[in-house]
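Visitor: Taken in sequence, the protein lines are chains R and X. Under our numbering, read the first sequence as residues 1 to 195, first letter to last. Under our numbering, read the second sequence as residues 1 to 195, first letter to last.
Watch out, some of these pointers could steer you wrong.
In this list, chains with the same sequence are indistinguishable; a pair is considered to hold if it fits within one copy or across any two.
Stated by the list, open to error - In silico DSSO-like pairs for lysine-lysine, Cα to Cα no more than 27 Å straight-line: (1) K52 - K161; (2) K154 - K193; (3) K52 - K75; (4) K154 - K75; (5) K75 - K161; (6) K161 - K55; (7) K154 - K52; (8) K75 - K55; (9) K153 - K52; (10) K154 - K55; (11) K111 - K154; (12) K112 - K193; (13) K193 - K111; (14) K153 - K55; (15) K55 - K112; (16) K153 - K75.
Hints are computed from structural coordinates only; laboratory data are not their basis.
There are 2 protein chains.
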Amino acid sequence: MDSEAKGSGYGGIESGTRVVAKRRSMSGCDVVLRFLSLALSLAAAVVLGVNKETKMVSVTLVSSLPPISIPATAKWNYLSAFTYLVVANSIACGYAAISLALTLANRDGTKKWITILISILDLIMVALLFSAIGAAGAIGLMGYHGNSHVQWKKVCNVFDKFCSQTAASLGLSAAAAVAFFLLVVLATYNLHKRP
Amino acid sequence: MDSEAKGSGYGGIESGTRVVAKRRSMSGCDVVLRFLSLALSLAAAVVLGVNKETKMVSVTLVSSLPPISIPATAKWNYLSAFTYLVVANSIACGYAAISLALTLANRDGTKKWITILISILDLIMVALLFSAIGAAGAIGLMGYHGNSHVQWKKVCNVFDKFCSQTAASLGLSAAAAVAFFLLVVLATYNLHKRP
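So here's chain R without its partners, still in its complex pose:
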C-alpha cells in the first residue's frame, strides 16, 4: 500500500511537472515570437525610414538644345503607402515591446483580462501590418512594372537602390506580420488545449 501510494505520488508530481513544463515551453514560444516581431518591425521601419536615393536624370527643356542633367530624389515619404508602412511598423514595434513586458509580468496567466487584451491587440496588429504590406506592395509593384492603361511609368529602372531597399523593408514587414499571425494562432491553440 505504502509503495503504491508513493508511486501514485510520484506520478502526480511527474504529471504536474509535465503540465508546468508544457506551459513554460508555450510561454517561451510566445516570448520568442514577440521578440522576433519587435526586432523585425523595428528593422522594417528603419530600413524604409532611411530610404533615400538621388540620381541624375536627363531632361529636354527645349527641343533644339541637347538634354540637360538634373538631380532627382526618391524618398520614402513621397508616397503615402510607404509612410503608412513606416507608421504601421513603428506602432507594431512599440506594441510588441509593451506586450512583451506584459506577457513576462503575467507569465502565470493569472490576470485573464491581460491575456484577452493582448490576444485582441495581436489581431489588430495582424490587420494593420497586412493592410500596410498590401498598400506598399501595390505601389512598389507599380514602380517596378508601371501600367500602360493609366499611363503610370515605372520608376525602378532609375531608382534601383531605392526599390531594392523598399523590397527588403516589405520582406521584413511580412515576416513581422507572420510572427503576429503565429502569436494569434498560438493563443487560440493554447486556449483549445486548456484542460
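The hints should help you fit chain X onto chain R, whose structure is shown.
Guide: Relative to the frame of chain R, chain X by itself:
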C-alpha cells in the same frame, strides 16, 4: 429533504438552461457574422467585377491640328491590385459559405478540430482581406490624387463612375474584413469564458 432535493434539481436545470441559452446566443452571433461576411464579400466582388467605364478623351496627335476624341476604357482587371481584391473577396465568400455549413453542422462544438480549423482559416481571411484592401486602397488613392514625385497623374477626374464604384467595393470589402475580424474576436472571447 425532499423539497430541498427538488429545489437543487430545479437550480441545476435552470443553470444548465442558462449555459445552453448563452452558448446558443453566441453560436447565433457566429452564424449571423458568417452570413454577413458571405453577403458583403460577394457584393464587393460583384460590384468591382462588373466595373467598367468608357469615356471619350481628347488627344492631340499633331500640334498643328485640333485634338481628336477617342474612346478610353477603364476596367477592373487593368490594375493587378483590383484583380487581387476581386480574387480575395471571391475566396472569402466561398470560405464563408463552407464555414457557415460547417458551423451549423458542428453547432454543439463536439468536433474540436473543426472549431480549431475554422478559427485559423478565419484569421487567414482577415490577413487576406486586409492586404487586398490595402493594395486596392493605395492604387485607388493614387487614382484620386496622383503623385507629382513619380509623375503618376490622377485618373479619377476622367473615370468618375469607375472610381466611385471601386470605392463602394472597397467599403463592402472593409465591412467583410471587419466581420471576419469579429469572428476571431468572438472565438477568442468564447474560449476565454469557457468554464
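Visitor: Evaluate each hint against the coordinates.
Guide: We went through each hint and held it up to the structure:
no. : hint        : in the structure
1   : K52 - K161  : within (9 Å within a copy, 37 Å between copies)
2   : K154 - K193 : neither (51 Å within a copy, 53 Å between copies)
3   : K52 - K75   : within (4 Å within a copy, 34 Å between copies)
4   : K154 - K75  : both (16 Å within a copy, 20 Å between copies)
5   : K75 - K161  : within (11 Å within a copy, 33 Å between copies)
6   : K161 - K55  : within (10 Å within a copy, 38 Å between copies)
7   : K154 - K52  : both (17 Å within a copy, 24 Å between copies)
8   : K75 - K55   : within (12 Å within a copy, 35 Å between copies)
9   : K153 - K52  : both (20 Å within a copy, 22 Å between copies)
10  : K154 - K55  : both (15 Å within a copy, 25 Å between copies)
11  : K111 - K154 : neither (53 Å within a copy, 52 Å between copies)
12  : K112 - K193 : both (16 Å within a copy, 10 Å between copies)
13  : K193 - K111 : both (19 Å within a copy, 13 Å between copies)
14  : K153 - K55  : both (17 Å within a copy, 22 Å between copies)
15  : K55 - K112  : neither (55 Å within a copy, 59 Å between copies)
16  : K153 - K75  : both (17 Å within a copy, 19 Å between copies)
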